[in-house]
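There are 2 protein chains.
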Amino acid sequence: MAQVAVSKRGITLRIELFTVNDIPMIREGDDLAAIICNNTSLEDGDIVVIASTIVAKAEGRIFSLENIVPGRRAIDIGHRCGRDPAFVQAVLDRSVECLVEAPFILVQLESGQICVNAGIDDSNVEEGLFLDLPEDPDASARRIAADIKKMTGMRVSLVITDTNGRAFRIGQTGIAIGIANIEPVRDWIGESDLFGNRLQITQEAVADEVASAANLLMGEGSGGTPVVIMRGLNIHNTTGSIQQIYRIEEEDIIKKGLKCLQKDS
Amino acid sequence: MAQVAVSKRGITLRIELFTVNDIPMIREGDDLAAIICNNTSLEDGDIVVIASTIVAKAEGRIFSLENIVPGRRAIDIGHRCGRDPAFVQAVLDRSVECLVEAPFILVQLESGQICVNAGIDDSNVEEGLFLDLPEDPDASARRIAADIKKMTGMRVSLVITDTNGRAFRIGQTGIAIGIANIEPVRDWIGESDLFGNRLQITQEAVADEVASAANLLMGEGSGGTPVVIMRGLNIHNTTGSIQQIYRIEEEDIIKKGLKCLQKDS
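Line order of the protein sequences matches chains A and B. Under the UniProt record's numbering, the first sequence has 203 at position 203, and the numbering climbs by one with no breaks. Under the UniProt record's numbering, the second sequence has 117 at position 117, and the numbering climbs by one with no breaks.
Just so you know, the hints here were simulated from the structure itself, not pulled from any lab data. Since this is a predicted model, take the numbers as computed values, not measurements. Just so it is clear, CB atoms sit at the ideal spot from N, CA and C, and this is done for glycine as well. Hints are not guaranteed to be accurate.
Chain B is faced by these chain A residues, among others (derived, beta-carbon under 7 Å) [unchecked claim]:
1) T19
2) R142
3) A167
4) I170
5) D208
6) D264
Just chain A, same shape as in the assembly:
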């Protein structure tokens, strides 16, 4: 169970978030831990929040559609949602299951993550090129956290973020797609409420909340800042994988609904 600061009478809980500036244009092989440590002063317990785009770029996850030959299904979906069939083929190649084919393509990745276009990004890369998600975002997060520890001695938590749409509500929010030294969920089961009754099961998706908070400072455009530090939330924990956040198939009523639509169409 993650340890989060809990208020006591009269004690003000306080967290701050700030950007790390002067992050250069990231290229394959860049040492993100070194770049971050050179541009900010980290403390024990800080949460380092990094946009997945720069992690992916440092890992060389850029590709073009040149050698991709779309199959029949990709051509069909491409026509229906107005995308290049080679792009659709790239999305399908990265997916274990396609939940929505049009008007947008929603797929499940091997990792369990469900996202539009398999998380492939065509913003903030040179024209004609595309950016994959990091291959194993938890592993990337653990590696960067370990590198920071080696360079500074500081034990930080790490959250690699993407943005995601939501059910029923427009707009996107920051979410965690890879984590290190932080649990994805805080468990409130068994704690007492104001009247001493036991709370029903409540799980707080703290890693996603951290990602959302940081996203307020990250921005999307050319003025964007891909690294934000959160300080003051006492949540450091040496276990935790983002895998724990993905619902298992049998308990996912929304996934069942999307499959029902596919069957009917």
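Go by the hints and put chain B onto chain A.
Quick look at chain B alone, frame taken from chain A:
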């Protein structure tokens, strides 16, 4: 369009969040603006984030199941999801549509909000009593913001929060259910990315991200703090309603999926 601080080279963007302490047990008729202003020092541009529970309590939104006679549908749903049929009837009475009947009850409210149990809460109230959401959370937010302006002269934004589950991911995050002086969504359409290409449509659900950030400090149990201030995010705006965030029926593929499941069952 909401104005959010955008990073410039070398300028560190910074936001802080802190709790307002010593909020007493809230009762019907309590003046939340006065209680908040007496327990913290607000500044122009602050975002005051308040848990919906205390807004609802101040508005006297507590009820019991005593006089509720469940109809046939409530009795049926109650048996299937293990809830008191009178409670189910209360949920149905507050809903324009029921999207999931079991194993949990997911409904749409008149306002457009889609939530479990119509947002009725049986935590943090005396046993046998239940707490409704505020009747018109946007109106509550506007009133409290106006009261704070009258008392202190400070122009604050206001976000009334609840917690909500998500599609595909376990755990809950803070969401905005009523807002004042803040837009629910920041629009990135038309801004340029790092390579000068126009970004595709991206809408950032800033009010929900503010709610999620504040929820990290709020907690759920008896140690919970229902009021958090966010300072430093330049997002004050005199327009904006949470209504703008709810997807219209025709564009909501997840809602269609849930209806497909109901039809099939």
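Against the structure, the hints come out as follows:
1. T19: holds (5 Å)
2. R142: With a closest approach of 21 Å, the R142 (chain A) hint is violated.
3. A167: holds (4 Å)
4. I170: With Cβ-Cβ at 6 Å, under 7 Å, it holds.
5. D208: Status holds, d = 6 Å.
6. D264: Check passed: Cβ of D264 (chain A) comes within 6 Å of chain B, closer than 7 Å.
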